[in-house]
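**Q** The listed protein sequences correspond, in order, to chains A and B.
Counting in this note's numbering, the first sequence runs from 1 upward without gaps.
Counting in this note's numbering, the second sequence runs from 1 upward without gaps.
Each hint should be verified, as a subset may be incorrect.
Each pair of labels, with its calculated beta carbon distance range [claimed, not checked]:
(1) B:162 - A:1: 35 to 43 Å
(2) A:136 - B:136: 41 to 49 Å
(3) A:137 - B:168: 29 to 37 Å
(4) B:154 - A:1: 31 to 39 Å
(5) B:168 - A:191: 23 to 31 Å
(6) A:136 - B:139: 21 to 29 Å
Hints are computed from structural coordinates only; laboratory data are not their basis.
Just so it is clear, CB atoms sit at the ideal spot from N, CA and C, and this is done for glycine as well.
Protein chains: 2
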Amino acid sequence: MNTVITISREFGSGGRELGRRLAEKLDVAYYDQEIISEISKHTELSEQYVSQITEKRPYIPFPITVGRSLSAWYNNIDLQTSVQIFSIQKQIIEEMAQKSDCVIVGRCADYILRDYRPIRIFVYGSLKSKIMRCKNNAPEQEHLSDKDLVREINRIDKNRAEYYHFYTDQEWGDKVNYDICVNTTYMSIKDISESFIKLKTK
Amino acid sequence: MNTVITISREFGSGGRELGRRLAEKLDVAYYDQEIISEISKHTELSEQYVSQITEKRPYIPFPITVGRSLSAWYNNIDLQTSVQIFSIQKQIIEEMAQKSDCVIVGRCADYILRDYRPIRIFVYGSLKSKIMRCKNNAPEQEHLSDKDLVREINRIDKNRAEYYHFYTDQEWGDKVNYDICVNTTYMSIKDISESFIKLKTK
Numbered sequence: 001m002n003t004v005i006t007i008s009r010e011f012g013s014g015g016r017e018l019g020r021r022l023a024e025k026l027d028v029a030y031y032d033q034e035i036i037s038e039i040s041k042h043t044e045l046s047e048q049y050v051s052q053i054t055e056k057r058p059y060i061p062f063p064i065t066v067g068r069s070l071s072a073w074y075n076n077i078d079l080q081t082s083v084q085i086f087s088i089q090k091q092i093i094e095e096m097a098q099k100s101d102c103v104i105v106g107r108c109a110d111y112i113l114r115d116y117r118p119i120r121i122f123v124y125g126s127l128k129s130k131i132m133r134c135k136n137n138a139p140e141q142e143h144l145s146d147k148d149l150v151r152e153i154n155r156i157d158k159n160r161a162e163y164y165h166f167y168t169d170q171e172w173g174d175k176v177n178y179d180i181c182v183n184t185t186y187m188s189i190k191d192i193s194e195s196f197i198k199l200k201t202k
Numbered sequence: 001m002n003t004v005i006t007i008s009r010e011f012g013s014g015g016r017e018l019g020r021r022l023a024e025k026l027d028v029a030y031y032d033q034e035i036i037s038e039i040s041k042h043t044e045l046s047e048q049y050v051s052q053i054t055e056k057r058p059y060i061p062f063p064i065t066v067g068r069s070l071s072a073w074y075n076n077i078d079l080q081t082s083v084q085i086f087s088i089q090k091q092i093i094e095e096m097a098q099k100s101d102c103v104i105v106g107r108c109a110d111y112i113l114r115d116y117r118p119i120r121i122f123v124y125g126s127l128k129s130k131i132m133r134c135k136n137n138a139p140e141q142e143h144l145s146d147k148d149l150v151r152e153i154n155r156i157d158k159n160r161a162e163y164y165h166f167y168t169d170q171e172w173g174d175k176v177n178y179d180i181c182v183n184t185t186y187m188s189i190k191d192i193s194e195s196f197i198k199l200k201t202k
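All chains, full assembly: derive it from the sequences and hints.
**A** Here is the structure:
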């Protein structure tokens, strides 16, 4: 069976960098944006739309009573589309795991591949360290305030947590769902990656 | 500054073995029972008593109203003794960290040494894996049932959590308080220790 490392990560914690470094050092495939591109090819939906839908829990349309009238409330993300995309995503991720050793970032890969027993890593950090990393990695023209960044970090992580919970019925970031949780506040991603190349599951 | 690794661990998760292996591989001092012996020497209290008191939150004596009468309720573990022992323990742990590179197991060392920026490891595992490890490591004459083991694991971990919370005001096992949390359910302690020798804090 191939060695698969899955990376789940808080926004700004450096999870993507860790994944990339691990894949480089181990000389294995790295899948992140590639999953979106593959889904986009399969569905003919734009990468932007797929990207948005795969990080946001779908809202289930249900009738609610407003005053005395019964009205139906629908969110702009359609449940059926989201579930269909998840099913394609599952198939693509399984194919990736079957093809070769690899590192997969995000998209519930830890859960989808649970029977393959991947090394499931969760990357997190203090808010301060995540703000700092976001600022360091920001495009030159982007000048978000700390307040804006905190709002953005919280918004993205809330979406990730809800999306993960919706499809896995597990808590995103709860250590019981991972083999290793690593805090990037006081450790460099480079050092962590050098250490983690030695990990393996039984 | 010396490199200090602190290990907090769920009972039966193999944290002690991980600590011992790390210390051996890194060729550094290993402190676990040694802390108890030192406290015992300083206080002239028996090692058994010290051991018991350093894994159990002290109960604060307080007056409670029973029916219409006011009575005082005291637990057998005296608050003052426990706080005094903690203070000695703190001093001993700080001396150990100042002396040389080391691995320290338990006893709030992660919190006591927070200004030294140790590598703070938390070791955990599934209940099933912990029961299995307890059985494998049990003395030959001990034959506890699974039910008894679950009760024992829960009792010890509850005490550890309460003791830690009492002296640190932090949640025991909450990943924000550690640099690495490692799940020993699907990874061998040997492999984990080989990987972790590379870790360092900034």
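**Q** If a hint holds in the structure, say so; if it does not, say that too.
**A** Comparing the hints with the structure gives:
Checked against the hint of 35 to 43 Å, the C-beta distance between residue 162 of chain B and residue 1 of chain A comes to roughly 42 Å, which is consistent with it. The given range of 41 to 49 Å is respected by residue 136 of chain A and residue 136 of chain B, whose C-beta atoms sit roughly 47 Å from each other. Distance hint for residue 137 of chain A and residue 168 of chain B: a CB-CB separation of about 33 Å, consistent with the stated range 29 to 37 Å. Taking the beta carbon of each, residue 154 of chain B and residue 1 of chain A are about 34 Å apart, inside 31 to 39 Å as hinted.
Between residue 168 of chain B and residue 191 of chain A the beta carbon distance is about 26 Å. The supplied range of 23 to 31 Å therefore holds. In this structure the hint that residue 136 of chain A and residue 139 of chain B lie 21 to 29 Å apart at CB is violated, the actual value being about 54 Å.
Taken one by one, the earlier hints fail for this structure only at number 6.
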